[in-house]
Structures are given as C-alpha cells and as structure tokens.
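Assemble chain B onto chain A, guided by the hints.
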Amino acid sequence: MEKILEKILNDYQINKVNIISILQDIENNFGYIPEEAVFWFSKKLDIPASRFFGTATFYSQFHLKPRGKNIITVCRGTACHVKGSERLIDRLFMELDIPPDEETSPDLKFTVEKVNCIGACGIAPVTILNKEVHGKMTLDKLIKEVKKIKSNE
Amino acid sequence: MNKDIAIKVCAGTGGVASGGEEVLSAFRNSISSAGLEATIYEKCSAHRVGCRGFCAKDVLVDVIINGEKTTYKHIKPDMVARIFDEHIMKGNPVTEWIVGEAYFNFHNKQTKVVLSHCGEIDPEDINAYIAVGGYKAAKKAFASMSPEEIVDVVKSSNLRGRGGAGFPTGIKWELGLRIESDIKYVICNGDEGDPGAFMDRSVMEGDPHAVIEGMIICAKATGSHHGYIYVRAEYPLAVKRLQMAIDQCKQSGFLGNNIFGTDFGFDLKIFQGAGAFVCGEATALMRSIEGKRGMPTPKLWRSAEKGLWDKPTVLNNVETFANIPRIIMNGANWYRNLGTDRSGGTKVFSLSGKVKNTGLIEVPLGVTLRDIIFDIGGGIEGEKSFKALQTGGPSGGCIPAEFLDTEVDYESLAQVGSIMGSGGMVVLDETSCMVNTAKFFLEFTQAESCGKCTPCRIGTKRMLEILERITSGNGKEGDIELLEELGHHIRATSLCGLGMTAPNPVLSTLRYFRNEYESHIRDKKCPAAVCKDLITYSVLEEICNGCGACKRACPADAVRGKRKSPHRIDPEICIKCGTCFDACKFKAIIKI
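Respectively, the protein sequence lines represent chains A and B.
Going by this note's numbering, the letters in the first sequence line up with residues 1 to 153, in that order.
Going by this note's numbering, the letters in the second sequence line up with residues 1001 to 1592, in that order.
Only chain A is shown next, with the shape it has when bound in the complex:
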C-alpha cells in the first residue's frame, strides 16, 4: 500500500492537484478509501484527516467501505424510475442477501449501487452489470443475468 500512496503523493506534488484528485486516485487504486490511506496523507501533507473525510463523504463517488467483487449499478433516474427501477432494486437486495441500509453482501461478492442518472434514458430502465450496460431491463432478464454471474463465481 505504502508504495502506491507514495506514487499518488508524488503526482500530487508535481501537478499540484487537490484533495479530490488524491481521493480519486486512492479510490481507483484500492476500490475504496481505506482509513489508513487517509491518515497517511494527512500526516504527509499536514492536512487534517477531517478535511479528507469531509470531502470523501460529500461526494458519492467515494466509498469508505470495501466493495463487492461484482458491481451491479441500477440507474434510478427519472426515466428509469417511471419504468420500474425501484422494483429491480428491491428484488436485487433480496436475491443477493444484502442487508437493508448496506449496499454490499456480507461475503463481499456483490455490491448493488444506485446511481442518480447515467444518461441513457432512451433505453430505460438501465442497469450496469460489471461495467456492461443493459437497457430495457426486466425483472426476469435481471435475475437470469445475476444467476449467470453467480454461477461463474
């Protein structure tokens, strides 16, 4: 970990980027923002850790907990909402045993993430299964796709 952090720090010092860019780099490298990484940077840069946490919790792109191996993103933009995305979400949580108020299954295999709008409203409702975009999703299709991912596990 230290090595990666050194590299991010180095980029930071050369390009004079800001906290958001540092957090983006940490997130890209680890998949979430580990607490240790924040304290490491806080010490090196003499910036209070609270500023890092304040920024990280403000923006939805940053996660403070490790995320699942498979990431299922359900768009809940307006168009997707009126075409039934809420039902998709409810069913996924049930199917993948994700506790309420969490988004990742306890075995860290699945994360179900809701996103405000990915801008593909023409083919609503939209879900992204491990970066692959699927339009005009139905409950039936979704459950089949999830079973496919599960069987590949």
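Simulated from the structure, these hints should not be mistaken for laboratory data.
Quick reminder that beta carbons are idealized off the backbone N, C-alpha and C, glycines included.
It cannot be assumed that every hint is accurate.
30 Å max Cα-Cα, derived DSBU-like pairs, lysine-lysine [to be verified]:
id : chain 1 : residue 1 : chain 2 : residue 2
1  : A       : K150      : B       : K1551
2  : A       : K147      : B       : K1585
3  : B       : K1076     : A       : K141
4  : B       : K1585     : A       : K136
5  : B       : K1585     : A       : K148
6  : B       : K1073     : B       : K1109
7  : B       : K1269     : A       : K144
8  : A       : K136      : B       : K1269
9  : A       : K136      : B       : K1076
10 : A       : K3        : B       : K1269
11 : A       : K3        : B       : K1076
12 : B       : K1356     : B       : K1532
13 : A       : K147      : B       : K1587
14 : B       : K1269     : A       : K44
Here are some of the chain A residues that sit facing chain B, going by a computed Cβ distance under 10 Å [stated by the list, open to error]:
id : residue
15 : F30
16 : F62
17 : K65
18 : G77
19 : C80
20 : R87
21 : N116
Below, chain B alone, put in the same frame as chain A:
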C-alpha cells in the same frame, strides 16, 4: 462492380446494449469473406448514448451505396447476412426492415444546430471537425473581431444560458469583458446532474470540439487565458473525448500560447467531478474545482466579478458554448430568428419515459409540447393515455394535458409551474402515480442537499417524511396544507437554486393533481396502483387457468394453488414485487 459502399452501425450505449457490436462484426465478416471494399464505421461510437437520437429503434444501421442511404431499424446480428446478400451484393434493399414513417416524423420537426455534427462526424478526429467548417468561427473571431464585436453578436443572437436558468449569455460575457483583472477564468459546466437529462453528455461525447471552440471564442471575448471544463464523474467517455480534443487542439495551435498565430494564450484543463448534484450550481462547482466540498456560497457578487479563486469567471453550460461557433459563423439574426422573441435559437431535449420514440431531440424554441410528445415522440407507449410531462428534473414540475399547447420557452414553462431546466423531458402516463413521482424527486433533492443551509437540509427532509407517510397509507388531514406551507418557505429562504427549486415537483403536482394526494390520504388508495403499501395483488379466479407461471415466478412463495385450478395469492406473504403480474399471460392477476 464499382460501388462506393459505406455501412454505419450505431454502437453507442443504446446501440451496444441492443447488440451493436455484434451487428458490426457480422458486417465485417461478411465483407471480408466476400472480398469487398467497403467503408465501415461505428456511427455512434461517437456517441454512446445519443446516436442519431433515436434510441428506441436501436440497432440502427445505415447502408450507403453510391451516396444513396437506406436506414434499417432493430437490426440483430442474424439479420446481417440477408441485408448483405440482397442489398449490398444484389442491390435490392430489404424493405420490411427499413425504418418507417415514425423515423421520419421523429426527425422532420427537428432543427439541428447543436446536434448537427453528433453521430455524423468522428469526434475523436479534429480533421473531421475542421472538414465540416470547425474552428472557422474561432479563427474569424481572432482574425477580424474585437472582443466588443463578439459580445455584441452573442448579445443580439438572444442566446440564453442552456443550463436552465436562461440568463442572457451576451450580458454575462459583457460583464466578464468589462471587469479588469490580472487573471480571468472561463468555465464550462458539464456537470449534467438532472436525472432524465443527457443532452450535454451527447454533445461532449459527440462533438467535443464545438464546446472547445465556443470556449476559445469566449476567452477571446472576455480576455481570459485560463479555462476549465467541469465534467461529471459518471461520464468517463466524455472526459476521454474532451481530453483527446484538447490534446489535438494544442498540437494544432488552437490552444496553448500564441493561438492561431496571435500572441493570445488560452490554456484549457478538464476537472472531473466526484458525484454531487449540487456541483452543477455555479458557486458550488467553483468550490469543487478549488478542491473543497462543493457547497454553494451566497451570491454577494456575480461570478463574472468574483468567481473561481475570487477571480472574475464566466461560466456557461456545454450546450451554450456549442452554440457559439454557429452563431459567429451564421450571424446573430440567423440564430435569433430560429426561436421566439424572448429566447433565440434551438434547444436540445432528452425525451424519455412512457413515450414511443425515446431519444435526443433538438427543436426551435416556440414549438409546442404537443408537437414534441405526439409528433416527434410518436405518442404514448402501449395505447395508454397521457398524464403529465415532467420537465426540468428535480427542480421542475409536472405539466398536465391541458397545457400541451404551451409553446416551449423559459417564461411559458415557468408560467405553468415548471421550468425549462437543462432539458430533460420525462413523459408520464396513466400508470404513473404523481405522489410517488413527487416523492421520488424529494428523495433525490433531500439526499443531494449539501446541508449548508437549514431550509434545504431540514425542510426537504420534513417534506419527504410527509410524502412517505402519505404514500404508505398513513397520511393525515392537514398534510397537504403542511406540504404547501413548507414548500413556500423552503423556496423563499434557501441559499441556492437546489433548495429554492426543490419543492417544485411537490407544489406543481399539488396544483394539478391534488385529487391523487387526497385519495392517498382519505381513501388510502393509490389511483395509479403504484404505491406498494396501498395496493394488493389478487387473482381473478374466472380467468386463471392454473398454468402455474405466477407460482414459479414468485420470489416469496406467496402463490397457492394446484395445477389447472385457479391460484390464490397469500396477502400475508406477498411482498408486492409485481413479478406474478408480469408473469401472467392471461391478465388474470390484478392490482388494486
């Protein structure tokens, strides 16, 4: 055989999700096994979402032989062989797969200015942009126009901010020009956060050079040498395309020091947002570029006076900048005459929801809502009836059928209780619950409220709680009045646009669909049968033939019954997910 053959396949997000890549490779295979020479390109790799705007008909394929274009719709990989054999080899188009009237109706009432290049040119190649007249406007501005002249043209074009508020662009630029400062900034706001809107994304991905050219002209007009494009985290392809475009511009001498051979320098950088709706608000966006939490600051000064790092800053939306090169080239009169007296030009809208032809459209301002929904959009999906049009995202409102003949511009939409906003239009039909829709938007604004000012932070939360109460069957007399009171206070006292407009979805649905609220509260019924706690699913025994499809589909094992005899749903176990309703082919399951 001496033919000039070109094949264009839509491979955007819409296209790919519908199998665009597979169609493309099927064409490639056919071509290479026949030993033909053909140009093949992914029309909409340009353009992951917008395509030619008509996502509902994906995968769209153009076959162009000696300049004659045939467009096919709904193409699947296994259909390619026949098109190849009959059309490309023998010259007889496969008529039953060709796009029909709807495709032309979709395009006929549109006027493409901002979208004219989208889906037509390769956005990753600066030469493709130059070939269609790109950077001529910027060169003209640098060679023969003074900053005052540029500002005058933009002012008299009547162009107004396309981000939603509609502030006259020319006046903003004039302020930027007049103020004296050692450093000034130009910022492009690409933080398109409204759910249900994807215009800016399509422009950034499909025609990034037009945005950059508009910014270069703005830099010249306001005497600014530094620029930022703020792009939303959720739009990685837009970031990639813009970065490529910036690099190509630097190589061509259109950005950097001494641009177009003059001693004027303009340096442009991309800043990637990190996922916060409020950052679309100008002051919050600037705080975000400064690396802080994106919280709005009171507008004691205009950004043109004190913006990014307290320096004068001109901030415009993506679509606004993309209009500029066309205005400079074709003149202010041309643009002004496209629109209404109050607002010039065209506007891009993303049309989605329960409408047949979903996609990206561009129309002159002044067109009616009816034209958009019923001519371009082709009417409501599945023979249902129109209920409302939601415009302006979470800051906007719902417009009922009686106002369908409203002409679209900033003022007229405000008059009927909604806003133009950035351009999202979501069509709702009789199966949409207006209380649920209002709750949906409140959930959104409540979650996205930055928390800085009390009316927005606490007010939206209280409004949401009331709506949750109503939709779960626990609404009380007086709730409607309380919602109205809260709404008016939040609108009057919030710090920024997010809070000021947050009550709009609730207030506008209360204005036009009050009876739906009343049924939820008094009768504990959801007229559109959407709100889960207020509906029950049951089986019509006289129709049910006991096929068992619902029983197999039910994830909660709530369906009882023997094969070939009518089934029954156990209301104690039913989770109201609606899976059985979808699974029944005989319409034997009802929800009330």
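Evaluated hints:
| no. | hint | verdict |
| --- | --- | --- |
| 1 | A:K150 x B:K1551 | holds (23 Å) |
| 2 | A:K147 x B:K1585 | holds (24 Å) |
| 3 | B:K1076 x A:K141 | holds (18 Å) |
| 4 | B:K1585 x A:K136 | holds (19 Å) |
| 5 | B:K1585 x A:K148 | holds (25 Å) |
| 6 | B:K1073 x B:K1109 | holds (20 Å) |
| 7 | B:K1269 x A:K144 | violated (43 Å) |
| 8 | A:K136 x B:K1269 | violated (36 Å) |
| 9 | A:K136 x B:K1076 | holds (16 Å) |
| 10 | A:K3 x B:K1269 | holds (28 Å) |
| 11 | A:K3 x B:K1076 | violated (48 Å) |
| 12 | B:K1356 x B:K1532 | holds (26 Å) |
| 13 | A:K147 x B:K1587 | holds (28 Å) |
| 14 | B:K1269 x A:K44 | holds (27 Å) |
| 15 | F30 | violated (16 Å) |
| 16 | F62 | holds (7 Å) |
| 17 | K65 | violated (16 Å) |
| 18 | G77 | holds (3 Å) |
| 19 | C80 | holds (8 Å) |
| 20 | R87 | holds (6 Å) |
| 21 | N116 | holds (5 Å) |
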